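Visitor: Make the full structure from the sequences, and use the hints.
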Amino acid sequence: MAPEIATVELTFSPLPVHVRTARLVATAVARRGGVEEGLLDEVRLAVGEACSRAVEAHQQQCPAEPVRVALRDGADRFEVVVTDRVPNDDPAGEGTTEVSPDLAELNGDLNLGFAVIAGLADDVDISSTPSGVEITMSWPAKKD
Amino acid sequence: MDLKVSDYTTDDDLTVINVEGEIDVYTAPKLREKLIDLVNKGKYHLLVDMEKVEFLDSTGLGVLVGGLKRVRAHDGSLELVCTQERILKIFRITGLTKVFGIFDSVDDAREHRKKQK
Numbered sequence: 000m001a002p003e004i005a006t007v008e009l010t011f012s013p014l015p016v017h018v019r020t021a022r023l024v025a026t027a028v029a030r031r032g033g034v035e036e037g038l039l040d041e042v043r044l045a046v047g048e049a050c051s052r053a054v055e056a057h058q059q060q061c062p063a064e065p066v067r068v069a070l071r072d073g074a075d076r077f078e079v080v081v082t083d084r085v086p087n088d089d090p091a092g093e094g095t096t097e098v099s100p101d102l103a104e105l106n107g108d109l110n111l112g113f114a115v116i117a118g119l120a121d122d123v124d125i126s127s128t129p130s131g132v133e134i135t136m137s138w139p140a141k142k143d
Numbered sequence: 000m001d002l003k004v005s006d007y008t009t010d011d012d013l014t015v016i017n018v019e020g021e022i023d024v025y026t027a028p029k030l031r032e033k034l035i036d037l038v039n040k041g042k043y044h045l046l047v048d049m050e051k052v053e054f055l056d057s058t059g060l061g062v063l064v065g066g067l068k069r070v071r072a073h074d075g076s077l078e079l080v081c082t083q084e085r086i087l088k089i090f091r092i093t094g095l096t097k098v099f100g101i102f103d104s105v106d107d108a109r110e111h112r113k114k115q116k
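Respectively, the protein sequence lines represent chains B and P.
Heads up, the final residue of the first sequence is numbered 143 in numbering that gives the first Met the number 0, and it's a clean run with no missing numbers.
Heads up, the final residue of the second sequence is numbered 116 in numbering that gives the first Met the number 0, and it's a clean run with no missing numbers.
Calculated directly from the structure, the hints in this document are not laboratory data.
Keep in mind the model is a prediction, meaning the values are calculated, not measured.
Check the hints yourself; a few may be wrong.
[As the list claims (entries may be wrong)] In silico DSSO-like links for lysine-lysine, alpha-carbon gap of 30 Å or less:
{"no.": "1", "chain 1": "P", "residue 1": "Lys-3", "chain 2": "P", "residue 2": "Lys-113"}
{"no.": "2", "chain 1": "B", "residue 1": "Lys-141", "chain 2": "P", "residue 2": "Lys-88"}
{"no.": "3", "chain 1": "P", "residue 1": "Lys-113", "chain 2": "P", "residue 2": "Lys-40"}
{"no.": "4", "chain 1": "B", "residue 1": "Lys-142", "chain 2": "P", "residue 2": "Lys-88"}
{"no.": "5", "chain 1": "P", "residue 1": "Lys-33", "chain 2": "P", "residue 2": "Lys-51"}
{"no.": "6", "chain 1": "P", "residue 1": "Lys-33", "chain 2": "P", "residue 2": "Lys-116"}
[Said to hold, decoys possible] Here's a subset of chain B near chain P, in silico, CB distances under 7 Å, partners left out:
{"no.": "7", "residue": "Gly-47"}
{"no.": "8", "residue": "Gly-112"}
{"no.": "9", "residue": "Val-123"}
Beta carbons: idealized from backbone N, C-alpha and C, even for Gly.
Guide: Right, dumping it as structure tokens:
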């Protein structure tokens with residue numbers, strides 16, 4: 000059986016400027032995939048949060064590695080998987096990744112990103128593996 | 000889209016910061032620099048007008064919280080003008096509606112400030 004192929008897959012250098020591009024692509028694919036108009040803002044924000052976290056982690060640990068975003072347009076769900084390449088990083092913020100004082104100040108040391116993701120995505124799974132952190136989020140989608 | 004940030008100070012010594020565009024991990028440093036600059040100039044009562052903000056993420060929230068900490072260190076205040084539901088939702092999710100004073104307009108905020116004095 001062939002592996003499941005993402006509808007759209009995006010990889011980008013871990014630079015803050017590219018997070019907006021990822022948000023825009025995710026929103027466009029979600030709209031095309033049948034996610035309700037009222038939920039698109041939530042998709043945009045949650046994907047942006049996950050990508051921002053991955054960019055910060057990469058900048059500290061592996062700036063040459065790209066961040067990966069997979070957008071899957073399923074039968075009744077639209078799924079987004081944001082994957083970083085920072086091994087054994089604790090996504091809750093207490094792991095091995097040292098955040099620069101600059102970034103820590105930007106975030107206000109509050110780790111608000113996960114609160115936002117959890118509050119917006121319909122279904123969220125965060126897994127930390129030896130090869131990196133994977134954030135899977137999904138929303139209902141209607142097909143015509 | 001670029002983030003546009005400008006400010007003016009009212010006759011009751013309130014500095015209003017107009018923010019326009021998207022506040023995210025890329026653009027938030029610009030807002031942070033503005034807040035730091037104002038505090039360094041002795042402006043400790045700030046009102047951030049977010050009516051033209053099209054997007055706000057947790058990085059932007061962090062910058063606002065950082066600004067609030069700075070002005071509070073000088074017995075100052077940092078409040079917000081925001082009526083957009085999609086922006087307010089982020090403040091609610093993170094519980095920050097309890098931290099920031101959020102007003103419907105600059106005039107409302109100024110009126111509230113007068114009553115506090």
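Visitor: Any hints this thing doesn't respect? Which numbers, in order?
Guide: Of the numbered hints given earlier, the structure breaks just one, which is hint 9.
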